[in-house]
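Protein chains in written order, with my numbering: chain A, 1 to 156; chain B, 1 to 500.
Everything labelled a hint here was simulated from the structure, so no lab data went into it. No experiment lies behind these values; they were computed from the predicted model shown. Just so you know, not all the hints are guaranteed correct.
[Said to hold, decoys possible] For each label pair, taking beta carbons as the anchor points, the in silico distance ranges come out as:
#1 B:K55 to A:F96: 25 to 33 Å
#2 B:F430 to A:L92: 17 to 25 Å
#3 A:N122 to B:L377: 45 to 53 Å
#4 A:F96 to B:G105: 40 to 48 Å
#5 A:F96 to B:L377: 39 to 47 Å
#6 A:L143 to B:G239: 40 to 48 Å
Every residue gets a Cβ at the ideal spot worked out from N, C-alpha and C, and that includes glycine.
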Amino acid sequence: MDSVKKIKMRTAGGIALFWVVLGILLCYGATQLGLGSVTEPGSGFIFFWSGLILVILSLMVVAESLRSTDGTVRETAKMNWAKIALIILSLLLYAFFLERLGFVLTTFVLLTFLLGWIERTNWARSFGIATAAALGSFAIFELWLKIRLPKGIFGF
Amino acid sequence: MLESLTSLSYGFNIALQPQNLLYCFIGVTMGTLVGVLPGIGPTATIALLLPATFKLNPIAAIIMLSGICYGAMYGGSTTSILLNIPGEASSVVTCLDGYQMARKGRAGPALGISAFGSFIAGTVSIFGLILLAPTLADFALKFGPPEYFALMVMGLTVVAYLARKSMAKALMMAVVGIVLGCVGLDPITATPRFTFGLLDLADGIGIAPVVMGLFGIAEVLENLGVLTKTEIFAGKIKGLFPDREDWRRSIGPIARGSLLGFFLGLLPGVGAIVPQFLSYALEKKLSHHPERFGSGEIEGVAAPEACNNAAVGGTFIPLLSLGIPSNAMTAILLGALMIYGLTPGPLLIKNSPDLFWGVIASMYIGNIMLLILNLPLIPMWVSVLKIPYSYLSSFIILFCLIGAYSLNNSTADIYIAVIFSLVGLLMKKFEFEPAPLVLAFVLGPLLETALRRSLILSDGSFLIFLQRPISAAFILFSVVVLVAPLFSKLRLGRGLSEED
Numbered sequence: 001m002d003s004v005k006k007i008k009m010r011t012a013g014g015i016a017l018f019w020v021v022l023g024i025l026l027c028y029g030a031t032q033l034g035l036g037s038v039t040e041p042g043s044g045f046i047f048f049w050s051g052l053i054l055v056i057l058s059l060m061v062v063a064e065s066l067r068s069t070d071g072t073v074r075e076t077a078k079m080n081w082a083k084i085a086l087i088i089l090s091l092l093l094y095a096f097f098l099e100r101l102g103f104v105l106t107t108f109v110l111l112t113f114l115l116g117w118i119e120r121t122n123w124a125r126s127f128g129i130a131t132a133a134a135l136g137s138f139a140i141f142e143l144w145l146k147i148r149l150p151k152g153i154f155g156f
Numbered sequence: 001m002l003e004s005l006t007s008l009s010y011g012f013n014i015a016l017q018p019q020n021l022l023y024c025f026i027g028v029t030m031g032t033l034v035g036v037l038p039g040i041g042p043t044a045t046i047a048l049l050l051p052a053t054f055k056l057n058p059i060a061a062i063i064m065l066s067g068i069c070y071g072a073m074y075g076g077s078t079t080s081i082l083l084n085i086p087g088e089a090s091s092v093v094t095c096l097d098g099y100q101m102a103r104k105g106r107a108g109p110a111l112g113i114s115a116f117g118s119f120i121a122g123t124v125s126i127f128g129l130i131l132l133a134p135t136l137a138d139f140a141l142k143f144g145p146p147e148y149f150a151l152m153v154m155g156l157t158v159v160a161y162l163a164r165k166s167m168a169k170a171l172m173m174a175v176v177g178i179v180l181g182c183v184g185l186d187p188i189t190a191t192p193r194f195t196f197g198l199l200d201l202a203d204g205i206g207i208a209p210v211v212m213g214l215f216g217i218a219e220v221l222e223n224l225g226v227l228t229k230t231e232i233f234a235g236k237i238k239g240l241f242p243d244r245e246d247w248r249r250s251i252g253p254i255a256r257g258s259l260l261g262f263f264l265g266l267l268p269g270v271g272a273i274v275p276q277f278l279s280y281a282l283e284k285k286l287s288h289h290p291e292r293f294g295s296g297e298i299e300g301v302a303a304p305e306a307c308n309n310a311a312v313g314g315t316f317i318p319l320l321s322l323g324i325p326s327n328a329m330t331a332i333l334l335g336a337l338m339i340y341g342l343t344p345g346p347l348l349i350k351n352s353p354d355l356f357w358g359v360i361a362s363m364y365i366g367n368i369m370l371l372i373l374n375l376p377l378i379p380m381w382v383s384v385l386k387i388p389y390s391y392l393s394s395f396i397i398l399f400c401l402i403g404a405y406s407l408n409n410s411t412a413d414i415y416i417a418v419i420f421s422l423v424g425l426l427m428k429k430f431e432f433e434p435a436p437l438v439l440a441f442v443l444g445p446l447l448e449t450a451l452r453r454s455l456i457l458s459d460g461s462f463l464i465f466l467q468r469p470i471s472a473a474f475i476l477f478s479v480v481v482l483v484a485p486l487f488s489k490l491r492l493g494r495g496l497s498e499e500d
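Using the sequences and the accompanying hints, generate a full structural model.
Structure (structure tokens):
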């Protein structure tokens, strides 16, 4: 068996395992909620059947990917996972600090980070754009569209 | 017919009110802008603007949001023709001949015919909507829970059938969508389901953060370092009006594209992306010189552009007359209708005629606005594209975060959006499509309620879905759609992916 096919099988197996486990957990959770009866379906009814179908479909996906004989792994665009992880982390931190520090300050910090660190824009420009965008979006959403944005400890 | 025309004139009275005109204008302009910009589409934009519309009257809000839907179709073609980058998935085919026309110095007529074609198709689909939606709504009054359940199952199987990669994977996404849509309190017994003790999940997962994550942030993350500087068509765009010969060659494709798009758009689950591929294939088949397609044939621009616009009108029919969305974009519009306290379904036209007819009339006005505004504004849209993607990507992320937060003023929704952006990214990596998930997510609660009511009604017999003729027809169709690929290697979606 060539190495390409091995990689394919391993990936397909890994994905299938994930979905099968998820499906089984779903079925288990559904039974805890109560399946009810066919005449009066309970809260877990739809989840149970969804879990079961998920397990069946994931096995079908494995069969499908093993059957495909093109022998090539589809070339997907390379993703920069380190950068992606950094961005995801920064967004989670944004959510954490938003109500504590307020919209303007948190947004300024996030945009400076995204522009200066991730996108490698020069720092002076990053500061300028981040300031303008934080204040501008506050003006548009809070003052004009009357959407309540969090004020935080500094009151803005 | 006469009654429809009277209602339409009533609709024009509503749509021509200054406030509604203004929001129509804002909607189509925003739509064109997001259509031009790669990386953010109409679905995420509607979700983003949803909270901003709460203070508006629902008619003005829906007028604006639907303006974004069809405005994006106009905008998407601009980038396809000038940059060879589809601003929207529904403008992919336009790249093939549109960009070649631009390279041959015929960017003007390509942009012109796509705008005129879109306008003609928009008009056709609006008239179709006027004729069909009320009739369909009357018919749908006969629908009980079994019919609704069967119709939704049909919509989801069609979406899966049209999946461009694996049908089983698309069905899996539909199942996941149903599960996610049903998280929260049980609609019948109020038992919390899969909320893990979190109060924020008691009301269920919101559509806005899910869409923001899957369609907004995930797209930006995927494009990190991939989108390099794009080559913008540098030549001066002249002669936007197609000449007599262009018209002669385009009028047939526009007519066929309009009809094809409209009728395919009608089917739940089809949306605007698939019809344009079919219309391109149809024109190629009908042409005396199919070999010239792909090298700058005006027919290859006129037909798909007309088709995707007509399809948008078509997708509004199941939405407004049955309360069933056919793609992610109309799914979020359905969410909007419910947030405004309107009950989507066959009674919407009777109970809220001002909304239905006002929105339809506004679509016509919006199409005229797009035609008048779009062509002269093309240089402006081109200059928008010169903004570096590094700036745009940061702003798209910011707007998605604001959009997710502002619906419930809850940071939990930001966490949900971020989690779904990662989910979206992994889905792209492993070739799972997001559209069936979003559609099923919105349909999930409706589907569950319809299923449980049907079973209560039938005293537990699943045969109820086969004993009633309408639901039996829907189920039969779904079974055919599910089983057909087993017997034939030809599957539409896969054929489409080869066409790319």
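Tell me, in ascending order, the numbers of any earlier hints that this structure violates.
3, 4
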